[in-house]
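Undergrad: Quick mapping for you: the protein sequence lines, in order, are chains A and B.
Per the UniProt record's numbering, the very first residue in the first sequence carries number 1; after that it's consecutive.
Per the UniProt record's numbering, the very first residue in the second sequence carries number 1; after that it's consecutive.
Rather than coming from a laboratory, the hints here were simulated on the basis of the structure.
Some hints here could point you the wrong way.
Unchecked claim - Simulated coverage check for chain A against chain B, where a stretch passes if three residues somewhere in it have a Cβ under 8 Å from a Cβ of chain B: (1) 158-169; (2) 307-317.
Unchecked claim - Label pairs and their computed distance ranges (CB to CB): (3) GLY57(A) - ALA45(B): 31 to 37 Å; (4) THR164(A) - ALA94(B): 52 to 58 Å; (5) ASP301(A) - PHE83(B): 39 to 45 Å.
The structure presented is a predicted model; accordingly, all values stated were derived computationally and were not measured.
Don't be surprised by glycine CBs; every beta carbon is placed ideally from N, CA and C.
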Amino acid sequence: MPDSSDTSPPPHPFLRWTVIAIAVTVLALAFAYVAGWLTPQRLTPQRMVSDLQTNSGLYPGFRRNHAKGVCVAGYFEGNGAASAYSTASVFEKARTPVIGRFSIPGGNPYAPDGGTPVRALGLRFNLPNGQQWRTAMINTPVFIVSTPAAFNQLTVATRPDPATGKPDPARAGAFFASHPETAAFLGWAKTNKPSASFATDRYDALNAFYFVDTHGQQHAVRWRFEPEAKDEAGAGPKADDNDYLSQDLRQRLATTPQRWHLLVTLAAPGDPTNDATKMWPADRTTIDAGTLVIESEQAQDNAPCRDINFDPTILPAGIVISDDPLLPARSAAYADSYLRRTREEARLPGVAHADTPKPETK
Amino acid sequence: MTAPRAFHPLARLLHWTMAVLVLTMLFIGVGMVSTVSSKHQWLLAIHKPLGITILLLVVLRIMVRLRFQPPALPADMPALMKFAAHASHWLLYALMLAMPLIGWAMLSAGGYPVMLSSSWRLPAILPASPVLFAWLREAHQYLAYLFFLTILGHMGAALYHALIRRDDVYPSMTTGFPAPVEIAEKPLEHIEPPAPEVLPPSDNAG
Ligand code: HEM
Ligand code: HEM
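Given only the sequences and the hints, what does the whole structure look like? Please build it.
TA: In structure tokens:
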């Protein structure tokens, strides 16, 4: 055919090749920059999770934080009281099925229950319209830090010393001294002994969210689950029992479902939504929005909660995240932790397998 | 059948629209998974609906591709170069189709609600399974890298046609060659190359 291509060599071929090379290189560099490959100092979710993993050691298949836990199931019974503030169907007078997980912090799934006063609860509400509400809460009134960067510095500052197996007090102390926002949390931790039961604890989302009402109006809120069980869990755990929390829960659930009230606190103008280290004043309007009823428990090894990522930014229509900087960091870090543990579960090439035998407990 | 000299205008429109969207998606993707800032949330909120938009557009594009014959590559292109061109084009189609499907499938397998907005949810296309999730999530990442490398090569090749070979390939996807009316308005010596209508039948059709 008569080819229209110009067979004569192009003028300035070197210049032309240079233009091509520059175009390709600039695009590739822009991609590398956005991906963070040119900025190793960037705080990435992968780095936050790797630092957590370094602190605890690698336990294939387990969460990189809150590794020790137990799966539970039940339902939430809304009472309609929060429906004036949020369109989410979970707050209507209806039952929503719930899968949950009680846990203690740290990346070691064999850690002793008495080693920390912190207890935690993750919940996933399955709404009838297929949407979900996930929340992951702890039993403290405030969080220890207010930003992802401070959380990462805390992780590194409290890294166990290989010689002693304990964090270096000087290093940890220096971190706390330079982070006065940690004082409220540390005060709580000092005065609260590790509880003997998951059932008697209250679980607070700490991060602020917005409820969205039928008019599209947003209301800043924080929520917590307040237990009905108020006993001191009998005589408390035996000193040599490392796994008393799951046993206590099993015993309680064998006879009676355990119940919590969802308390939603409405912010007043000026209450911080972006700082989980600061409590809102106690006189803020608080709504009892319904009752969480936990009916059954199952070991986490092979129960539904194992494969759930309790990412607190997974929300139904009617709830949206606030400007709290911890929320996006949690979403990103939980996703990375979830990928690591499912990769181990799936035995993908190049990762430790999830069925690595349990180490001898020290 | 005679191959046209340029791509159909609809094919060109889809090509450039999707080029922008796909590159945007690749940058959003690697950007959002490497940040713990609020960008992670709002980029993800763009990523999912935009990815599904690409899925719809690529279906349309494949139909346009089958309906309107594309121009043939220049006859004097070396066979290996032609093979590379055809193979990379099929790879690009495959990835445009696969990436959004994998994104959708991996969220389904992870047990996540596939939310395209605060209230618009797509159904799950796979049962919840950590094993499927892990494989698909890895595939989403590494196929995205392959996608980006293929686009780099594609862009380099397009510029090679435009700047070095100066053949029909680049205008066939850009201007589509000026319309005869416009050409007639210009002085005669500028009528070059000839308008498609006056070209003799091509012998490399197909
Ligand atoms: C930037 C700060 C934080 C980081 C980096 C972080 C990191 C993590 C990681 C990596 C996991 C494991 C996720 C998984 O594999 O599914 C986890 C679990 C958890 N986190 Fe956080 N976390 C942070 C803040 C918080 C806060 C503020 C709370 C409480 C209000 C919290 C409560 C929980 C709970 C309850 C779990 C266990 C959820 C479950 O049972 O799966 N975390 N965290
Ligand atoms: C042309 C289409 C698409 C392209 C080019 C694309 C590209 C990417 C890239 C480059 C990443 C980062 C991978 C990594 O570095 O780990 C990513 C992550 C992701 N993509 Fe896509 N994607 C597409 C479609 C979709 C769709 C349709 C969905 C869901 C409906 C989706 C959901 C996600 C999610 C959830 C993540 C990871 C989030 C995380 O782990 O934090 N993608 N995507």
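Undergrad: Hints first: check each against the structure and report whether it holds.
TA: How the hints compare with the structure:
1. Three residues within the 8 Å Cβ limit are the bar, and the region 158-169 of chain A against chain B gives 0, so the coverage statement is violated.
2. Only residues whose beta carbon comes within less than 8 Å of a beta carbon in chain B count, and the region 307-317 of chain A has 7; three or more means the coverage holds.
3. Distance hint check: the CB atoms of GLY57(A) and ALA45(B) are about 36 Å apart, consistent with the given range 31 to 37 Å.
4. Under the hint 52 to 58 Å, the C-beta atoms of THR164(A) and ALA94(B), about 55 Å apart, fit the expected range.
5. In this structure the hint that ASP301(A) and PHE83(B) lie 39 to 45 Å apart at CB is violated, the actual value being about 52 Å.
In summary, the structure is inconsistent with hints 1, 5 from the numbered list given earlier, while agreeing with the others.
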